[in-house]
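Protein chains: 2
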Amino acid sequence: MDDQREPRRRRAGGRAGTAAKRGTGRGQPPWRLVENLDRPTEPLTPEGVQAIHEGALHILSEIGIDFLNDEALALFRQAGQSVEGQTVRLDADFVTEMVAKAPSAFTITPRNPDREIRVGGTSLAFGNVSSPPSYWDHATWRKIPGSRALCADLLKLSQHFNCIHFIGGYPVEPVDLHPSLRHLDAISDKLVLTDKVIHAYSLGPERVEDAMEMVRLAGGLSEAEFEATPHMFTNINSTSPLKHDWPMIDGCLRLARRNQAIVVTPFTLAGAMAPVTIAGAVTLSVAEALSAIALFQYVRPGVACAMGTFTSNVDMKSGAPAFGTPEYMRATQMAGQMARFYGLPLRSSGSCTANVPDGQAMWETSNALWAAVQSGTNLVYHAAGWLEGGLVASPEKFVMDCEVIQMIQRYMEPALVAAGPEEIALDAIAEVGSTGHYFGVSHTRARYETAFYQPIVSDWRNFEAWAADGMHWTASRAHLRVQEILAEVPAPLIEDSARGALEDFVERRRAEGGAPTDF
Amino acid sequence: MDDQREPRRRRAGGRAGTAAKRGTGRGQPPWRLVENLDRPTEPLTPEGVQAIHEGALHILSEIGIDFLNDEALALFRQAGQSVEGQTVRLDADFVTEMVAKAPSAFTITPRNPDREIRVGGTSLAFGNVSSPPSYWDHATWRKIPGSRALCADLLKLSQHFNCIHFIGGYPVEPVDLHPSLRHLDAISDKLVLTDKVIHAYSLGPERVEDAMEMVRLAGGLSEAEFEATPHMFTNINSTSPLKHDWPMIDGCLRLARRNQAIVVTPFTLAGAMAPVTIAGAVTLSVAEALSAIALFQYVRPGVACAMGTFTSNVDMKSGAPAFGTPEYMRATQMAGQMARFYGLPLRSSGSCTANVPDGQAMWETSNALWAAVQSGTNLVYHAAGWLEGGLVASPEKFVMDCEVIQMIQRYMEPALVAAGPEEIALDAIAEVGSTGHYFGVSHTRARYETAFYQPIVSDWRNFEAWAADGMHWTASRAHLRVQEILAEVPAPLIEDSARGALEDFVERRRAEGGAPTDF
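From first to last, the protein sequence lines are chains A and B. So the first sequence is numbered by UniProt numbering: it starts at 1 and just counts up by one. So the second sequence is numbered by UniProt numbering: it starts at 1 and just counts up by one.
Keep in mind the hints are simulated off the structure, nothing from the lab. The reader is advised that the hints may include incorrect statements.
Since the list gives no way to pick one copy over another, a pair counts as held whenever it fits inside one copy or between any two copies.
The calculated EDC-like cross-link candidates involving lysine to aspartate or glutamate, where the alpha carbons are at most 20 Å apart (straight line), are [unchecked claim]: (1) K101 / E206; (2) K243 / E84; (3) K317 / E431; (4) K243 / D91; (5) K243 / E484; (6) K243 / D70; (7) K317 / D469; (8) K101 / E227; (9) K317 / E449; (10) K317 / D91.
Quantities reported herein were computed from a predicted structural model and do not represent experimental measurements.
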């Protein structure tokens with residue numbers, strides 16, 4: 001049986017262990033950015049796109065949106081927009097003109113330039129789960145608080161898997177670190193344990209400024225080099241309905257002024273913080289995103305901005321949010337149509353409602369990940385490791401999700417769908433005719449090693465071989481795989497000078513007390 | 001823990017049990033045929049479609065295909081085609097002309113006319129798993145042989161779920177029934193325990209003729225009524241590469257002469273029975289399907305025929321077949337492009353390689369089911385209950401798959417993607433403004449009961465509520481749901497006269513010894 005109480009036996013591994021070792025490191029596909037070959041799925045008619053666009057502009061010009069940030073209010077006034085108290089009403093022309101200044105694609109370059117990502121067009125990049133307070137401890141079947149050590153393990157998985165292109169927020173909240181100092185240690189861990197693009201939270205001026213400085217130091221960049229092009233990004237959520245909070249806007253303004261990348265992701269749960277209808281929830285989401293992006297483009301024309309979508313539904317019986325639902329999929333596809341309408345890159349998510357890495361978790365996550373693909377999403381946030389609506393991180397789920405992501409990458413390889421004479425292979429078909437098989441023919445021998453996707457945690461053995469090896473269900477195999485990866489994943493190279501500068505900075509800021517926690 | 005050894009505790013149910021009862025019967029969406037709203041995903045360029053078409057015709061005209069059926073060989077000779085021994089070479093014009101006679105859409109009408117299905121166009125229908133010899137016994141965690149009783153349970157699930165539109169082959173092989181009599185009892189069970197469209201195996205003249213007669217009697221139809229329009233269907237596989245066996249072709253010819261529906265599904269595993277390249281495997285599959293469909297159209301112009309696709313890859317390490325892979329998804333989408341090119345309805349499958357209803361099973365099955373949607377498939381065979389590459393049937397997996405299928409149905413509801421003024425809901429957005437929430441507003445109250453998909457086995461409660469209820473993973477919840485459904489599902493109505501005629505027929509044929517088993 002799938003006995004979760006036998007870690008020793010599980011660690012023993014047997015053939016599962018061998019298969020696992022085959023899968024790690026060398027076994028996985030190389031780092032590459034994915035080009036999305038497929039035409040997006042577009043549930044909205046052109047009239048529907050126009051109606052949502054006009055609805056969003058109507059919301060911003062007639063109903064108005066609150067910015068709980070005095071600097072933003074002053075900037076809107078300066079731009080000749082209507083400001084009453086904290087409520088801003090924006091001219092349709094102003095919004096359209098400002099949003100048009102945003103680039104349709106941009107790059108973000110981490111300390112290892114080979115890990116630069118492109119955001120926009122057909123580019124499709126995946127990131128780890130971000131910000132769960134808790135962690136699924138598969139060995140004890142308990143939900144435990146996040147810690148710096150657990151966060152580090154998830155960062156190592158994020159570095160290990162080539163299909164993970166960027167590092168979002170903390171993959172689990174290191175609650176054992178004091179809030180005033182947490183960002184220093186956690187961002188330092190991100191910059192040392194990974195060499196990929198990282199995110200910084202917009203949670204007050206000190207944290208944002210510290211994060212930008214740490215990214216600059218880790219990359220060994222001058223001020224000018226840092227500001228020449230995006231080297232990091234932040235992601236903010238509006239407080240739906242129709243509200244932007246102070247620290248989120250403050251952080252974005254600071255990044256905008258230093259030419260770093262900004263993702264604006266309203267969290268519009270249909271039936272709760274947004275209309276119960278999907279088109280209504282998407283319209284509200286678009287309005288909230290456009291208002292912030294217009295502000296950032298006014299402050300720094302051309303600064304890298306992406307539109308985020310996080311529209312799902314609630315269970316109308318309990319009010320609990322649900323993810324990976326049909327409503328979620330369609331909302332994501334609709335948001336993709338709107339992002340293309342505005343010429344903005346799109347961010348969506350992998351997500352699920354399930355509490356453990358089981359069947360429900362994987363059909364919900366598959367729905368979310370494929371909806372991201374179908375929507376033309378450029379940045380897939382929370383793509384690996386998410387459980388319980390984002391409240392729990394799981395390394396087992398991380399590995400299982402990476403299997404799905406790797407299959408999406410393989411699915412997008414042009415060679416897979418090529419149909420030239422070499423692929424149609426009439427000579428091989430004539431050679432085999434109606435007898436024998438294709439294992440031995442030269443056409444097969446020349447291609448079989450790279451012909452098909454090689455799994456990392458899927459078990460393709462027959463029932464008897466699988467049963468003889470201990471009847472490990474997927475989550476148990478993933479648990480074993482996690483232990484193997486963490487035992488062997490090497491830390492990425494970092495220049496001693498850069499590392500030293502980073503350590504000195506953290507030391508100094510720690511001595512200064514880090515960031516105030518009174519907001 | 002997810003202890004599979006505590007059936008009593010699981011049966012007790014608790015809140016899971018309550019939730020389960022909410023989900024059964026009344027809770028599920030009503031019977032309806034799904035219209036696929038989405039533009040198909042088309043990996044092949046128009047040139048690629050043309051190249052595969054020309055490749056398939058080249059195979060049939062130059063390489064040839066074997067028909068191990070004298071009647072077929074005589075018919076091809078009569079049609080002026082080249083026949084050497086059992087190898088047939090078909091003129092491109094003959095194939096094109098014959099295939100053009102096939103209808104692009106047709107109906108199949110079971111004994112309950114309300115359960116008629118349309119095959120073709122944007123219609124999307126789902127059927128149960130077919131033909132596994134074994135059964136996953138979740139209570140004991142053993143793989144056990146199929147039986148008439150287990151088959152009947154799966155037929156009851158197939159009848160219960162409105163998202164299952166047709167009954168394929170036996171959902172598990174009733175190996176406790178003697179092969180000579182098996183078809184009589186098993187088809188009788190299909191016709192009594194369900195009122196949906198059924199499939200009959202092409203396994204020799206007696207079985208096929210018995211099946212047609214039983215469908216006719218169960219429907220209370222005259223010979224003329226039976227032959228006026230399709231009331232059942234068969235599905236055949238070619239013996240790839242390039243071979244059609246005697247009983248398959250014999251059965252199809254018998255159905256064709258009585259105007260019943262035929263699905264031709266080559267089973268082309270890339271790298272084994274087909275080229276290692278997906279385009280090559282699809283080309284071989286198309287050639288094999290066209291050759292049989294051309295024959296049936298020659299015999300009865302306009303008879304209902306669908307093209308099937310079952311192209312996947314093997315694990316090149318072990319040679320074992322793999323399903324729900326990226327290669328499988330692209331092959332299915334390519335087959336959809338070819339079916340539309342020929343104006344033929346398409347059949348594909350739900351499938352997976354996993355041995356148990358776990359995470360791998362659900363990402364593989366999700367890949368297969370969404371590929372069916374993306375390919376424009378009309379008939380999704382094996383859509384619910386399949387494990388271990390089709391060697392194992394599982395009622396738990398059946399329920400889990402039905403959740404995914406119901407979500408696909410919900411996903412395809414036009415109302416979900418409507419974007420008129422009522423859906424964009426500017427009045428509600430103005431009413432709520434930047435304060436409060438949408439739970440209470442009239443726009444929500446008027447819609448919330450039907451606004452969102454309601455799950456049957458998904459658990460959307462938070463971790464704590466889920467844990468307090470016994471930490472049941474998806475398969476355990478599905479196991480509980482299966483027991484509840486089987487306890488309450490009513491047998492469909494059947495006319496006493498029809499039932500009596502069916503029983504008399506089975507009695508007579510049993511007395512005659514059923515079908516010979518010496519082929």
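How the hints compare with the structure:
Within a single copy, K101 and E206 get their C-alpha atoms no closer than 29 Å, and across copies no closer than 74 Å, so neither meets the 20 Å cut-off. With identical chains, the CA atoms of K243 and E84 are at most 20 Å apart within one copy only, with a shortest distance of 14 Å there and 78 Å across copies. Proximity of K317 and E431 under a CA criterion of 20 Å is satisfied in neither setting, with 62 Å inside one chain copy and 23 Å between copies. In this assembly of identical chains, K243 and D91 lie within 20 Å of each other by CA distance solely inside one copy; the values are 18 Å within and 69 Å between copies.
In the homo-oligomer, the alpha carbons of K243 and E484 never lie at most 20 Å apart, since the shortest distance is 45 Å inside one protomer and 47 Å across protomers. Taking CA atoms no more than 20 Å apart as the test, K243 paired with D70 passes inside one copy only; the shortest distance there is 13 Å, against 77 Å between copies. Within a single copy, K317 and D469 get their C-alpha atoms only as close as 43 Å, which misses the 20 Å cut-off; across copies the closest is 18 Å, which meets it. Taking identical chains as interchangeable, the C-alpha atoms of K101 and E227 lie at most 20 Å apart only when both belong to the same chain, with a minimum of 18 Å there against 67 Å between chains.
Proximity of K317 to E449 under the C-alpha cut-off of 20 Å is restricted to the inter-copy arrangement: shortest distance 9 Å between copies versus 51 Å within a copy. In this homomeric assembly, K317 and D91 never come within 20 Å of each other (Cα to Cα): the closest approach is 39 Å inside a single copy and 63 Å across copies.
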